[in-house]
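**Student:** Here the protein sequences line up with chains A and B, keeping their order. Letter by letter, the first sequence follows residues 1 to 252 of the working numbering. Letter by letter, the second sequence follows residues 1 to 239 of the working numbering.
Just so you know, these hints were derived from the structure itself, not from any lab. Just so we're clear, the structure is a prediction, and the values are computed from it rather than from any experiment. Even glycine gets a Cβ: it sits at the ideal position worked out from N, Cα and C. Please note: incorrect hints may appear among the correct ones.
As the list claims (entries may be wrong) - Label pairs and their calculated CB-CB ranges:
| no. | chain 1 | residue 1 | chain 2 | residue 2 | range |
| --- | --- | --- | --- | --- | --- |
| 1 | A | K14 | B | K79 | 25 to 33 Å |
| 2 | A | H175 | B | S110 | 56 to 64 Å |
| 3 | A | F23 | B | L75 | 19 to 27 Å |
| 4 | A | R38 | B | K212 | 44 to 52 Å |
| 5 | A | R21 | B | Q234 | 48 to 56 Å |
| 6 | A | G218 | B | K223 | 41 to 49 Å |
| 7 | A | N34 | B | M134 | 13 to 21 Å |
| 8 | A | R24 | B | E5 | 26 to 34 Å |
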Amino acid sequence: MIRGWRLFFEEITKITRFSLRFFRSVFKLPLDVNELFRQCYSIGYKSFPLVAITGFIMGLVLTIQSRPTLAEFGAESWLPAMVSVSIIREIGPVITALIFAGKVGSGIGAELASMKVTEQIEAMEVSGMNPFKYLVVTRIIATTLMLPILVIAADAIALYGGYMGVNLKANVNIHLFFSSVFDKLCFMDIFPALIKTVFFGFAIGLIGCFKGYHSGKGTQGVGESANYSVVFASLSVFIIDMMAVQITSLFL
Amino acid sequence: MVKIEHLKISFADKTILKDISLSLKKGENLVILGKSGSGKSVLIKCLVGLIAPTEGSVMLFEKNIFDLGEDDLNLLRKKVGFLFQSAALYDSMTVRENLEFQLRYSKSLSEFEKGELVRSMLASVGLEESMDKMPSELSGGMQKRVGLARTLITSPEIVLYDEPTTGLDPFTSREISKLILEVQKKYNTASIIITHDVECAKSTANRILILKNGAFIAEGSFKELNESTDKEIQPFFNQ
Ligand SMILES: Nc1ncnc2c1ncn2[C@@H]1O[C@H](COP(=O)(O)OP(=O)(O)OP(=O)(O)O)[C@@H](O)[C@H]1O
Ligand SMILES: [Mg+2]
Chain A
1 MIRGWRLFFE EITKITRFSL RFFRSVFKLP LDVNELFRQC YSIGYKSFPL
51 VAITGFIMGL VLTIQSRPTL AEFGAESWLP AMVSVSIIRE IGPVITALIF
101 AGKVGSGIGA ELASMKVTEQ IEAMEVSGMN PFKYLVVTRI IATTLMLPIL
151 VIAADAIALY GGYMGVNLKA NVNIHLFFSS VFDKLCFMDI FPALIKTVFF
201 GFAIGLIGCF KGYHSGKGTQ GVGESANYSV VFASLSVFII DMMAVQITSL
251 FL
Chain B
1 MVKIEHLKIS FADKTILKDI SLSLKKGENL VILGKSGSGK SVLIKCLVGL
51 IAPTEGSVML FEKNIFDLGE DDLNLLRKKV GFLFQSAALY DSMTVRENLE
101 FQLRYSKSLS EFEKGELVRS MLASVGLEES MDKMPSELSG GMQKRVGLAR
151 TLITSPEIVL YDEPTTGLDP FTSREISKLI LEVQKKYNTA SIIITHDVEC
201 AKSTANRILI LKNGAFIAEG SFKELNESTD KEIQPFFNQ
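Only chain A is shown next, with the shape it has when bound in the complex (with noise of 0.2 Å):
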């Protein structure tokens, strides 16, 4: 028991300096801007198609299952209102980031983990190459800045499965559907869920990353890498969203 919380501890000390570690390496110029990009595009836009989908379901899901209760108290009206400022202010970030959490995450552990086990981070470290710098801070860059950017794509899409979702028992044209969902939306329901989306992809980003770069050896170090990459992100996710939700009421 007393040997479990060491370890977490230990762990959340590692992590902390690792976090320190890319907070000072990327201020240091030059940034590989090639690598960087190259990242982006694997990590952002090749996990655009399964955000896409989670996100079309996730709303048409939503509506149906709002419907009956909201038909209860004759609120069918306040459909698209509700299913949008769900989708935008927890369910859209929380379900996408979890996604995220799920292929990048795992991919990077992965990925990283497996070249540091078949010494490849090693023979980038004695080329003088600077492995941190080119791996680890690309790959959380990236992560932090993607995630955001899949998230609005994910509750765009999310709507329009919202609209054909009130659809299904009622005839309500897109104009009309979406000026009552632009009604009820505030800066105070956008501008929160979009910030912790940031705080949500760097946090995957760090995580997958360190979970790689401090594998254990062997193949099996490889599977757990990939492995708790995952739990860890999903569970920093929870606990990331569970603070913001706290520090966002303390302002409304």
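With the hints as your guide, set chain B with the ligands onto chain A.
**Tutor:** Using the frame of chain A, we list chain B with the ligands on its own:
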């Protein structure tokens, strides 16, 4: 160029190297022989700071590498070539990109010159036509040769070879030994070569050290050690 003093390396409670001292002059080829698991790879990894010693010091170019900051160490490492036992090619890049990566931040060469350099390095290890293959499409020996080309492309002043000819046929081994000699002549490099291959040791060594139980038990030229009747030394030469 290289100076190690009273080096000791332990993992957990297992001591791999006990008391290692050696020095290497410019233009010298030093061959280290030793049984599998005797700590040869650990020793040369320590030389470039990949493994920290428990005791002792490692000096490269008159600087203690474990006193240097990250940036200074990286500058110094650029002047050292390291061939990994496992080749350690970057498996997400093609052969060409593997070599180009070493030149990635070098500003003194134009893109065209870099391309030509890559081509000529690959030609010198006989792999020009595999330029656009991925490392996973190459055989073990081919990977090793790409690793060698990647190590030498930056014309390092010190080269550390971890078993450069292991897993290669006698013909290719001879080519590699020749290449090592050529590099030594051309750039006046100092090299440490770890090998089990007597032919390679014979053709490349100016001096040989034998590692056993964490310490050097013999030192001499190939001829001296080859003629030795010592029971500890002979097995390395009578193959
Ligand atoms: N990171 C490590 N942690 C613990 N022990 C290690 C580590 N690296 C190497 N060892 C141990 O050090 C010893 C020497 O390993 P090393 O790889 O240097 O052998 P070697 O002389 O290169 O052998 P070979 O000729 O087979 O390559 C081995 O017993 C190995 O178990
Ligand atoms: Mg070895």
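**Student:** Now tell me, hint by hint, if it's right for this structure.
**Tutor:** Quick rundown of the hints versus the structure:
{"no.": "1", "hint": "A:K14 x B:K79: 25 to 33 Å", "verdict": "32 Å, holds"}
{"no.": "2", "hint": "A:H175 x B:S110: 56 to 64 Å", "verdict": "57 Å, holds"}
{"no.": "3", "hint": "A:F23 x B:L75: 19 to 27 Å", "verdict": "23 Å, holds"}
{"no.": "4", "hint": "A:R38 x B:K212: 44 to 52 Å", "verdict": "48 Å, holds"}
{"no.": "5", "hint": "A:R21 x B:Q234: 48 to 56 Å", "verdict": "50 Å, holds"}
{"no.": "6", "hint": "A:G218 x B:K223: 41 to 49 Å", "verdict": "42 Å, holds"}
{"no.": "7", "hint": "A:N34 x B:M134: 13 to 21 Å", "verdict": "20 Å, holds"}
{"no.": "8", "hint": "A:R24 x B:E5: 26 to 34 Å", "verdict": "32 Å, holds"}
The structure agrees with every numbered hint stated previously.
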